[in-house]
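Student: Residue numbers (this note's numbering), protein chains in the order written: chain H, 1 to 114; chain D, 115 to 226.
If you're looking for bench data, these hints aren't it; they were derived computationally from the structure.
Note that the structure is predicted; figures quoted are calculated from it, not measured.
Be aware that one or more of the hints could be misleading.
With a cut-off of at most 25 Å between alpha-carbon atoms, the simulated BS3-like pairs for lysine-lysine come out as follows [claimed, not checked]:
#	chain 1	residue 1	chain 2	residue 2
1	D	K170	D	K184
2	D	K218	D	K156
3	H	K14	D	K218
4	D	K116	D	K221
5	H	K57	D	K218
6	D	K184	D	K221
7	D	K156	D	K184
8	H	K71	H	K14
9	D	K221	D	K156
10	H	K57	D	K116
11	D	K156	H	K11
12	D	K218	D	K170
Chain by chain, the residues run as shown.
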Amino acid sequence: DTGVSQDPRHKITKRGQNVTFRCDPISEHNRLYWYRQTLGQGPEFLTYFQNEAQLEKSRLLSDRFSAERPKGSFSTLEIQRTEQGDSAMYLCASRPQGFGNTIYFGEGSWLTVV
Amino acid sequence: QKEVEQDPGPLSVPEGAIVSLNCTYSNSAFQYFMWYRQYSRKGPELLMYTYSSGNKEDGRFTAQVDKSSKYISLFIRDSQPSDSATYLCAMSGQGGSEKLVFGKGTKLTVNP
Chain H
1 DTGVSQDPRH KITKRGQNVT FRCDPISEHN RLYWYRQTLG QGPEFLTYFQ
51 NEAQLEKSRL LSDRFSAERP KGSFSTLEIQ RTEQGDSAMY LCASRPQGFG
101 NTIYFGEGSW LTVV
Chain D
115 QKEVEQDPGP LSVPEGAIVS LNCTYSNSAF QYFMWYRQYS RKGPELLMYT
165 YSSGNKEDGR FTAQVDKSSK YISLFIRDSQ PSDSATYLCA MSGQGGSEKL
215 VFGKGTKLTV NP
């Protein structure tokens, strides 16, 4: 499978715990995105990397959220001190340079905070 | 007013019907317009991509963009039960931002 890969697919955590999600983009895609989607809503942009540089961040990305892409390949999204409002699907997407603005999503990582 | 408005439905049609889905938007800076299909508990799958105004056809799917009216549409001909999913419109291109702005999605059911 050469699509965007996300891990874990499902995570249940207690409020106040930290969680980390990993995304492996499509090979040779230098642009990587994180989105969040709650039930009944469309995905909302969180952040964007070009290679290892984080170039754009949403106001949704509070100081409890941090994303990295250390070597310009895989990326991690960490949520510290989780709150019930963080329960959502976290989607990773990627695209190659110079391919318009179409991005290709992974299957998402479901987070439930109890 | 939200940047992108999309009727969430639900929309239920018989197999073989022509389906019309649409979105309106307020930001005239949008240049790229996309439709994604999302099955339950799966990631969105890119269906159609259009740059600026005009029509684009791919098999049973036709995407239309009318920038003067800030209105985009997706038509599905000869709809099949396998088309049952949530359809999301998305757009981008404002000020060089990489951000896609999505509608809420329209839930479609095609009944056999």
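Student: Run the distance test for K14 of chain H versus K218 of chain D: straight-line Cα separation, threshold 25 Å.
Tutor: Not satisfied, since the Cα-Cα distance of roughly 28 Å exceeds 25 Å.
Student: Take the C-alpha atoms of K218 of chain D and K170 of chain D, compute the straight-line distance between them, and say whether it is at most 25 Å.
Tutor: holds, 23 Å
Student: Does K116 of chain D sit within 25 Å of K57 of chain H, going by the straight-line distance between their CA atoms?
Tutor: Answer holds: K57 of chain H to K116 of chain D is near 20 Å, not above 25 Å.
Student: For the pair supplied as a hint, K218 of chain D and K156 of chain D, is the alpha-carbon distance within the 25 Å limit?
Tutor: Roughly 15 Å separates the two Cα atoms, so the pair holds.
Student: Holds or violated: K156 of chain D with K11 of chain H, Cα cutoff 25 Å?
Tutor: Since the Cα atoms of K156 of chain D and K11 of chain H sit roughly 15 Å apart, the hinted pair holds (cutoff 25 Å).
Student: Verify the proposed pairing of K71 of chain H with K14 of chain H, using a straight-line Cα cut of 25 Å.
Tutor: Violated. K71 of chain H to K14 of chain H sits at ~31 Å, over the 25 Å cutoff.
Student: Tell me if the straight-line CA distance from K184 of chain D to K221 of chain D falls inside 25 Å.
Tutor: holds, 22 Å
Student: Please verify whether K57 of chain H and K218 of chain D have alpha carbons no more than 25 Å apart.
Tutor: With a Cα-Cα distance of about 21 Å, the restraint between K57 of chain H and K218 of chain D holds, given a limit of 25 Å.
Student: Within 25 Å, alpha carbon to alpha carbon, are K170 of chain D and K184 of chain D?
Tutor: holds, 17 Å
Student: So if I understand the rule, the pair passes when the alpha-carbon distance is 25 Å or less; does K221 of chain D with K156 of chain D pass?
Tutor: holds, 14 Å
Student: Quickly compare the C-alpha distance for K116 of chain D and K221 of chain D to 25 Å and report which way the hint goes.
Tutor: Holds. K116 of chain D to K221 of chain D sits at ~19 Å (cutoff 25 Å).
Student: For a C-alpha distance cap of 25 Å, please report whether K156 of chain D and K184 of chain D respect it.
Tutor: violated, 29 Å
Hints 3, 7, 8, counting from the list given before, are not met by this structure.
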